[in-house]
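**Student:** Chains A and B are the protein sequences, given in the same order. If you're matching positions, the first sequence starts at 1 in our numbering and goes up one per residue. If you're matching positions, the second sequence starts at 1 in our numbering and goes up one per residue.
Mixed in with the good hints there might be a few duds.
[Claimed, not checked] Distance windows between CB atoms, simulated:
no., chain 1, residue 1, chain 2, residue 2, range
1, B, Gly265, A, Ile212, 43 to 53 Å
2, A, Ala72, B, Val384, 25 to 35 Å
3, B, Arg115, A, Leu319, 27 to 37 Å
[To be verified] Coverage of chain A stretches by chain B, computed from C-beta distances (three or more under 8 Å per stretch; other residues unrestricted):
no., stretch
4, 9–19
5, 265–272
6, 310–318
[To be verified] Some chain B residues judged to face chain A by a derived CB distance under 7 Å, without partners named:
no., residue
7, Val191
8, Glu195
9, Lys327
Bear in mind the hints are in silico, worked out from the structure with no lab data behind them. These numbers were taken from a predicted model, which means no experiment stands behind them. Every residue gets a Cβ at the ideal spot worked out from N, C-alpha and C, and that includes glycine.
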Amino acid sequence: MTWDVALILSLDGLANGAIYLLAGLGLVLIFSVTRVVFVPFGDIAAFAALTLAAFETNRLPPTIAMVVALAAIALATEVGSLLRRGQAARIPMAVLTWGLLPLVPCLLAWLASRPGVPASLHVAAAVLLVVPIAPLLARVVFQPIADASSLVLLIVSLALHFLLSGLGLLFFGPEGSRTQALVSGSLSLGDGFTVSAQIVLMVASAIVLSGIFFLVFERTVAGKALRATAVNRVGARLVGIRPARTALLAYGISSVLAGLIGVLIAPVTTMYYDSGFIIGLKAFVAAIIGGLVSFPVTAIGALAVGLVESFASFYSGALKDVIVFSLLIPVLMLRSFLSRHVEEEDEEVDQ
Amino acid sequence: MKSLIEKLARTTLAAAVSVGFAMGAAAADIKVGLSVSLSGPNSSLGVPYAKGMQAALAFRPEVNGRKIQLIVLDDGSDPTTAGRNARKLAEEDKVDVLMGTSGVPAAIAMAQVARDAKLPMIGLTPIVLDAADNAWFVTVAQPTQLMVDAVVERMSKDGVKSVAYIGFSDGWGDLVYNALVKAAAGAGIKVLGNERYARADSSVTGQVLKLLTMKPDAVMTGGAGTPGALPFLALTERGFKGPMYGQHGLINPDFVRVVGTATQGAIMPTGPVIVAEQLPADYPTRKVAMDFRAVFQKVNNAPSSDAFSAYSFDGWMVLTDALARTKGEPGTTEFRTSLRDAIVTTKEVVGTHGVYNFKPGELYGVDKRARVLVKIENGQWKLVP
């Protein structure tokens, strides 16, 4: 292997690692706050990518209808639970937050799907459109079973993945799409070696977003509430933090991350309705390296997964995924040696 | 009834769910069981296969006054499901003949069921099986060797001395690689490298870099459908200037859409149907190919622009020709045996891809009339003389 090959592989690995990093952050955020391994994360990313592809081919993305339907179901769930608790007075507020708020991105997306809209607005509309998906799913599916065991939550989450990927097939068809590059051109690093601007954009986005993540968690009340809920749900509740609300915030942030992943990756790889799952799975390896709690270690793990994947594809293309997923074995062994095993505590938290 | 079949077929295609629609029809109908990949990574091939079969059914819905009933199942691009579908078609639906499928491993799984159940099967993909052991199986596809030979002949003409290979990490990748090695040895071309990737992979940069370090004159790819576009895109991105070759698994419009304008001039072999309008007027398959296009347009309300739907049509041509020479009542063992004997004695049946002549003990029935070379130019296939 020569240096330039190693350099290209490293860059490719870093670009993939940047994607896994963003996905890993989303997975860890949701898991630490809600104990849900959010398998449909990758599907939401695929939805964003395919929605953008639909915009570019001047089709109305079917995602709009899905978000509207989800909002209706979430609203019905919310109104039902308010009525059961005799809090009918709060229904107008619920209509506003669950019924109307998710429709705003739908309206924007509908406007963006009309001819003559610049590409940058397409990208923004595609990201915004998928933002309500995770919070709405969480309201309908996860909030009522928030106190179930992690295993139940995992299985429900898997079921949701199959539902979403089935819907993806129905909406976007079995064929893959590529979107136009967000940025064109390339950077020259001297000696005839160039890096495509898209890769620079991917890595830069990962750096900027992780920076924002760090700031939000360290400096804002909402971030501190998220951390508090992650550390101890009962304790957080005692000091006035509502777990259900922080959970929704976590889902919302993750949905934004998924949307950004979708539009970042769509120009460099052919996205299929089920492509998101593999991205989520590799990000999960990174999240496991971070023990599903640590953001910095997850970030390092994600970059490691990206680099290992890239170099593995050079040494043995056919065994690439085997090598990536084999990373889990030593990591899990090391983790089980280092950590004290704790039984899952039965938290007595309701909404 | 016919519109119901069409409606159901369309629903099946649109929803791409596994729906078998058995019709409560008269006992004397001939039953054809088709299993294709309507969902999963192979569906970019499977969906056209199914559409082509619907067109073929509309083109020739009955033989000697007997109606033909088509039962379509989705194998989800999974060989195990394809085998299970074949068993279900054989045992529950009691079909008289099996057809399928869009993937090579899945077709092999079906062929085994056909052999065990003593059921004739017309394959639609180029598969390699021991012909002596598979007397119930024939395929309308061109043997991979025939196609790859054409590519290697072209390489010699282009002055290529060494060729690097990248293909799927499955049976199709092996098939193309083996054919390439065999043909290249005869032509004095060196095959460098044997890189593989999975259909679901999102990047082949590593594999392509490895190939480029070997400094090949040209690159040959062994992929199919849209996932087959990946090596072309990666090679173009890495600035590879040499000729790129593909094979017939890539010939579909979605491949062209995904490859976009990035890959100009890649050469691949295909059945003549793809460029039927560019063929000389006296080309033996031109008329049938044009008929096929017309009926496909009528049935599916869309032009046929891929090679796969035409294989289905050819399978149907071979089948209906053989059915006309079959004795006995459909649904009986005698009928199946007689049908098998009729299929393996097919003579000069003109299809869209080629002219078919089957002989007992041979899986393939086409000759050099079944291949032409085409080139991608601005998102169109152009005949390479």
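**Student:** Take the hints in turn and mark each one as holding or not.
**Tutor:** Status of each hint after checking the structure:
no.	hint	in the structure
1	Gly265/B x Ile212/A: 43 to 53 Å	holds (45 Å)
2	Ala72/A x Val384/B: 25 to 35 Å	violated (55 Å)
3	Arg115/B x Leu319/A: 27 to 37 Å	holds (33 Å)
4	9–19	holds (count 3)
5	265–272	holds (count 5)
6	310–318	holds (count 8)
7	Val191	violated (16 Å)
8	Glu195	holds (5 Å)
9	Lys327	violated (41 Å)
Checked against the numbered hints above, the structure breaks hints 2, 7 and 9 and satisfies the rest.
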